[in-house]
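The listed protein sequences derive, respectively, from chains A and B.
Here the working numbering is used: the first residue of the first sequence is 138, the next is one more, and so on.
Here the working numbering is used: the first residue of the second sequence is 155, the next is one more, and so on.
Derived from the structure by calculation, the hints contain no laboratory data.
All the pointers check out, no bait thrown in.
If you want the footprint, here are the derived chain A segments under chain B, 3+ residues with CB under 8 Å:
1. 149-160
2. 260-274
3. 317-325
Label-pair ranges, simulated between beta-carbon atoms:
4. A/Ile194 <-> B/Ala316: 42 to 52 Å
5. B/Ala316 <-> A/Glu209: 31 to 41 Å
6. A/Gly243 <-> B/Pro350: 23 to 33 Å
7. A/Gly243 <-> B/Ile222: 12 to 22 Å
8. B/Trp322 <-> A/Ser300: 34 to 44 Å
9. A/Ala235 <-> B/Ala316: 52 to 62 Å
Predicted, not measured: the structure shown is a model, and the values here were computed from it.
Glycine is no exception: its CB is placed at the ideal position from the N, C-alpha and C atoms.
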Amino acid sequence: MSDINPLVILMASIFTNNMILSNFLGMCSFIAVSNEIKTSIGLGQAVTFVLGATSIINYIIYKYLLVPYNLEYLRYIVFIITIAAFVQLVEMVVERYAPTLYYSLGIFLPLITVNCAILGVSLFMIIRSYSLIQSFFFGIGSGLGWTLAIVAMAGIKQKIKNSPIPKGLQGPGITLIITGLMALAFIGFSGIVKI
Amino acid sequence: MTKEIGKIFYIGMLKDNPVYRQILGICSALAVTNLMINSLFMSLGLIFVASFSSLTVSMIRQHIPRHIRMMVQTLIISAYVIIVDIILRAYFPSMSIALGPYVGLIITNCIIMGRCESFAQNNKPLASFFDGMAAGLGYMTVLLTVAFFREFLGFGTIFGIAVVGDWWTNWIFMIMPPGAFFMLGILIWVANSFIPTKEQDKEIEIKPIDINKASQETVVPGGAN
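Bound-form chain B, shown alone:
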């Protein structure tokens, strides 16, 4: 069981990372990455929603009629997003304002729906919980990487703390939308060049991912390299 969970995390975070491999959930990955602190809170929210909605979907999967399952999944996800939203507004009001509508947009984040649909639908609750968490952590890795470069180059700070002296000229461009697109594009390039795809290394594959692989190909044509 421990080994299996290790594989789930390895695949979810690195090999089959939802952002640079499956090109899912990039809306928020682009929008909140101007500051690292925003990315951190956004990722924590997403990890919470992804893991618990996978758990819930997996627990009640035998009782959901197949043709309304999308609707049920959306409702489960929305319920968890409401929890995140309320917690943010109660304890971190400034963060709630900074993230704006993007907290609510976790509902339409394809990562969560993708994991519910491809993994939680066919697997045991605990494995699904960790699978959702792994996808969330993969998302977090990418967000923090992109945010690190954007905040460092754009403001000369990391988590709001100045790390360079007065000689530094801020690249205002990195804070603006085009900077986000370029940064993520470059990250995908680097990831595709240095991290082997699933096709290149078969050994690591475990069973449930087969189903997932098939569904990815239909959802995102040309997405998985």
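So here's chain A without its partners, still in its complex pose:
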């Protein structure tokens, strides 16, 4: 078990090991939903919440259900079921209490299930053998880092809306180039903390 301070993990997963900019996870919704700042913040909150919760649930299931019975190889199926069930729950809660957010997120709320960032966090915490509290901070930090990146991207996209971009580069192409520039900027954080 690694003995890194959970707060260090939190900082690292927001800045130096950002889910999008250094691990390339959760790109699909990052590229597709980052058109409006408000929607991005909403989706970011949902992702952070789901990440924080599923990292704990998956950790407990893995540690106390799969490991004792030597069923580690089943972790992919078990993790994805947990995530799918949890997203379903979040969807019902959001629909009930925040209908406007529910309609603005549309198809992307259920798609959180197949957001690789969520499954990625669960797999990373197993590979890096984090403890429960470390996993929780890792999950929350990754969610916040993802939110930071997608909101920044939405802001940049609004600025370049009327810019003369070459035709072939419009849409996803320019988004990837901008993400590359953002990743370059985030490399500047890399000296701060390490996990």
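Given chain A, put chain B in place with the hints provided.
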């Protein structure tokens, strides 16, 4: 039948390539492309999972209730990913470590789910099998292209074999995350400029792709050029 399969491959690999046309599955396309050997193994794994899960979904499509089909598809995909993971760990342990969590993340690779949902759901098993394989091969083409440039510029090697002399200065930048983003961005640019989109050339279209086209537009707004 042969002609139809040829069209499936042409559309899946070039015209409607999952990576640069539909912007699907780019997480792993960015992450494992620092070395060509990683990309090769990742693509082979994905081709296996994509073709066999399309086949399975297509075979049992009449028996799955519509509202839980996503769940069933995810479970089918996970089962094949577990097979890939076990094979990698048994026969290629170093590759398993190099790919890390990205093997497991094949489950959430939108390419596979996309093909199951848009093609296998409405087509015969054999055609679905080849369609999944075509999408996987399209993914492989892009991954190997990106990996070729990243490994060549970053390490001066191809498949780990040095191809340039001592005078070469490695572009460390290409190995780091920003290099991946730039490389894929440039590739999309080149592809969009030189490979005609479906709108520009109608003749090649075959029937099942119509359904697929409609679903793409809802899943990835602004994705298909």
